[in-house]
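**Student:** Here is what each chain is made of, one letter per residue.
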Amino acid sequence: MLKQISLNENRIPEGVKISELDFDSPFYDGLHYNAPARGVWNIVHTGMLIPEAHQIYVCAQGCLRGVILTAAEMNRMENMSWVALREKDMWNGEMESRVIEGCSHIVDEMKKHPKCILVYLSCMHLFEGCDFKVIANELEERYPDIDWVDCYMTPTMRKTFEPMVMMKKSLYSPIKKLDTDKKYIGLIGCDRATDKTSEIYSLLEKAGCKMWDITGCKTYEDYMSLGKASLLISYLPVVYYASMDLTKRLGIPHLPIDLSYDEDEIITNLKSLASVLELDESVVDDLTDRTKKEADESMKKAFETIKDTPVAIDASATPRPLGLALLLTKYGFNVKRIYADAFGKKEKAAFDELCKLNPDIEIYPSMDPIMLNAADEIKIDESKYLCIGQQSAYFCQTRKFVNIVEGGGMYGFDGIRHMGDALLDAYLNEKDLKLTISYKGLECESCL
Amino acid sequence: MNQTARIISIYAADTSGVCSALYEYGGMTVIHDASGCNSTYTTHDEPRWYDKKSMMFISGLTEKDAVMGNDDKFSADLIIAAKELKPAFIALCASPLPAMIGTDLDAIAYEVESETGIPSFAVKTNGMNSYIYGINNAFLDLAKRFIKNDMSEKTDRLKVNILGMTPLDFPKKEYFDSLKTFIEDAGMELNACIGMETSLKDVERLAAGEVSLLISSSGILLADHLFDEYEIPYVKGVPYGIGFSEKIKGFLSEAATNKKNIDATERFRCEGKVAILGEAVLCASLASALLLDKGINANVLETVGDGDLEILKPFDMSCDDEKILEDELKKYDIIIGDPLFRPICHDKKFIELPHEAFSGRCFTKNAPDIINRAIEFI
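Those sequence lines, one after another, are chains A and B. Residue numbers for the first sequence follow the numbering used here, so the first one is 10 and each next one is one higher. Residue numbers for the second sequence follow the numbering used here, so the first one is 1313 and each next one is one higher.
Don't read these hints as lab results, they were simulated from the structure. Glycine residues also receive a C-beta, built at the ideal position from the N, C-alpha and C atoms. Be aware that one or more of the hints could be misleading.
Claimed, not checked - What follows is a list of derived Cβ distance ranges for each label pair: (1) B:E1509 x A:N146: 49 to 59 angstroms; (2) B:G1499 x A:E23: 48 to 58 angstroms; (3) A:K354 x B:K1660: 56 to 66 angstroms; (4) B:K1485 x A:E391: 33 to 43 angstroms; (5) B:E1465 x A:G138: 57 to 67 angstroms; (6) A:S34 x B:K1460: 24 to 34 angstroms; (7) B:K1485 x A:S239: 53 to 63 angstroms; (8) A:I389 x B:K1398: 18 to 28 angstroms; (9) A:I389 x B:K1485: 35 to 45 angstroms; (10) B:A1419 x A:S239: 52 to 62 angstroms; (11) B:P1680 x A:N101: 38 to 48 angstroms.
With these hints in hand, go ahead and build the complete structure from the sequences.
**Tutor:** Structural data, given as structure tokens:
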């Protein structure tokens, strides 16, 4: 049953106990509030990962504003252009030609053609039934030296295909099939680099393989070299649609090795990877004997200092907030709160176990309108919370927080070790909350 | 090409304008939108968002709602939130898709008001107009709802309304402080400031003002409404610099006495080789201030493509097209404008004057306060 979160007598939102929540539909989806935590990446940040590429957005002024200023704050206006849609464009039947002529004008104004242009269409195109094939064919004919990529800024479709899911598909769509290099493995779906100490890298090294990661691509050629990969791996759920497309188009098999905080799942995933890399299972056992011990030591060391400090986690920090909460609970941490509007299906086991182990954990949505009042509950100088993620840090008004989004590049037992270290560091070294969470796109360059 | 830009930014849209205008009045403002309008507004167009709470939300429109016309859910969600949060009023505005499918926001507002008893209204937007359009409509709708006619209190000093003040043109509180000081130094009294450092009480007592100071294009509909309905004249211009500020003081008294609107910039403009880019009233005021304080002749290149174009002189220009603007700028020796215009100014001397409505929070920290004080950046 959907929960309607409410305010208490002091007009502060009241959390809902995890044991009283419906896993599939935890909260009523009404009006949306937007907390001032800006670290999560958007489609502009992700599109900028393609080296030597340019982005053109074709949409209404209100939609353009956010993406253009994202690029401005990144100091990347050189890579950003726009075509504004006006009211008359909705009725004059010229949606396609507006895109074609607008993009052509922009390209003609450039001193040098980029190797790739991402053209973002909007909800307006979608609802007008705009024919992107016509647009793509015409632009490819006019500018055959440019790879044209159709991208979509269609948040109206978010219940079917989230904009970031669509973006991940577009992100790899210029990749063409090359001669396969059996020792070349593509890691897809990550916007930020994965820790080089993770077991993924260790296994690849043992197999004599090289990793392709978009965050390490300096040139368009580097980027296109994904086409020679013999295997695609991913650990973030947002990439599932892109992986299906890549496998279908290029015939490269995909192995999901989901980010997890569960020991058995981590080992299963690493053994799957080892298997396709033609490594013996004992390699994984040997490796994880060490990394698991290090993870255990790191978590215990963190707990020795942090003790019963209340901990809060939010879904912007990791796609598995429940899994992380369960791990921390098992180590004795005082996990009090989780901020999440919904849960991924693969969190069900962690949910069920948390309901037994820690049934009083309070779950809060992050977008419900009454979360506007959440930051009033605790004064920043009095907050005792240690948080994982920017949103929970804001809601709990704490300077002690692990500043990560989307898993933070931490994976496997090595990732758990990093998490333990990060928790201790966050506890001991306070951050400027307002400043830290104001930067848009964590780890991107910023003019602020 | 019209509606296209290779490298420059774009101005804030009407939906952000509505939210910005209504921010401080204790109402609940909801953009009927899927997603994006809220984060764009609260990140780039609203410097108050972190430190000053306000009920600004979006509806979370989905494809199913759009296709099936599920207005009942929107009404229900508004009622749920209103009953919990108890806003002073509810304002609705539309992003492009509701505008495209013809959602009747007036009807929804009527239904919500009937159900909750909370004053509710729709402000005209479609996400495709400038912030000036949205602010103007919002201020006018707010005033029509809340102005009271019996708020006049006797005072010896001239009572001045400040109109057209939002963070999109005046992003820091110090601008308000400077304007208040300016009015008080002139021996006058601030009756109401609409948009910033304000509350519904200010709107209620607007009619008690004797003259309005219109400091941006964003307050012009309200200024005209006050003049038409309550015979409150206005003086158009921002008191920038020393000389121009002095002139405005005189104009405020003159307008109140003669019950006539005055364009303060009208007699203090000369054609020159300096270009000022941006919003019409702010730019024309700066041009007048430069002429009076420094003897500099400057032309205005109005770049929003919206607002009070009547303030422009024949040698000025209104242009929201990047290519035409780039060519036009070749005629000038010095260009004053937001830093995000710099890439189309090539080797010209460029003086940065950040404008929140164009570059958001990128350069806010560098925006100077030149209200009623010497201009030092040129």
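**Student:** Could you run down the list of hints and mark each one as holding or not?
**Tutor:** The hints, checked one at a time:
1. For the pair E1509 of chain B and N146 of chain A, the supplied restraint of 49 to 59 angstroms holds, since their beta-carbon distance comes to about 55 angstroms.
2. Between G1499 of chain B and E23 of chain A the CB atoms are about 53 angstroms apart, so this pair conforms to the stated range of 48 to 58 angstroms.
3. The beta-carbon spacing between K354 of chain A and K1660 of chain B, approximately 58 angstroms, falls within the hinted interval of 56 to 66 angstroms.
4. Under the hint 33 to 43 angstroms, the C-beta atoms of K1485 of chain B and E391 of chain A, about 26 angstroms apart, miss the expected range.
5. At roughly 60 angstroms, the beta carbons of E1465 of chain B and G138 of chain A sit within the given window of 57 to 67 angstroms.
6. Hint check: S34 of chain A to K1460 of chain B, Cβ distance near 46 angstroms, so the stated range 24 to 34 angstroms is violated.
7. Hint check: K1485 of chain B to S239 of chain A, Cβ distance near 60 angstroms, so the stated range 53 to 63 angstroms holds.
8. Checked against the hint of 18 to 28 angstroms, the C-beta distance between I389 of chain A and K1398 of chain B comes to roughly 26 angstroms, which is consistent with it.
9. Distance hint check for I389 of chain A and K1485 of chain B: the Cβ-Cβ separation is about 21 angstroms, which falls outside the suggested range of 35 to 45 angstroms.
10. Hint check: A1419 of chain B to S239 of chain A, Cβ distance near 59 angstroms, so the stated range 52 to 62 angstroms holds.
11. Taking the beta carbon of each, P1680 of chain B and N101 of chain A are about 43 angstroms apart, inside 38 to 48 angstroms as hinted.
Hint compliance for this structure: hints 4, 6, 9 are broken, all remaining hints hold.
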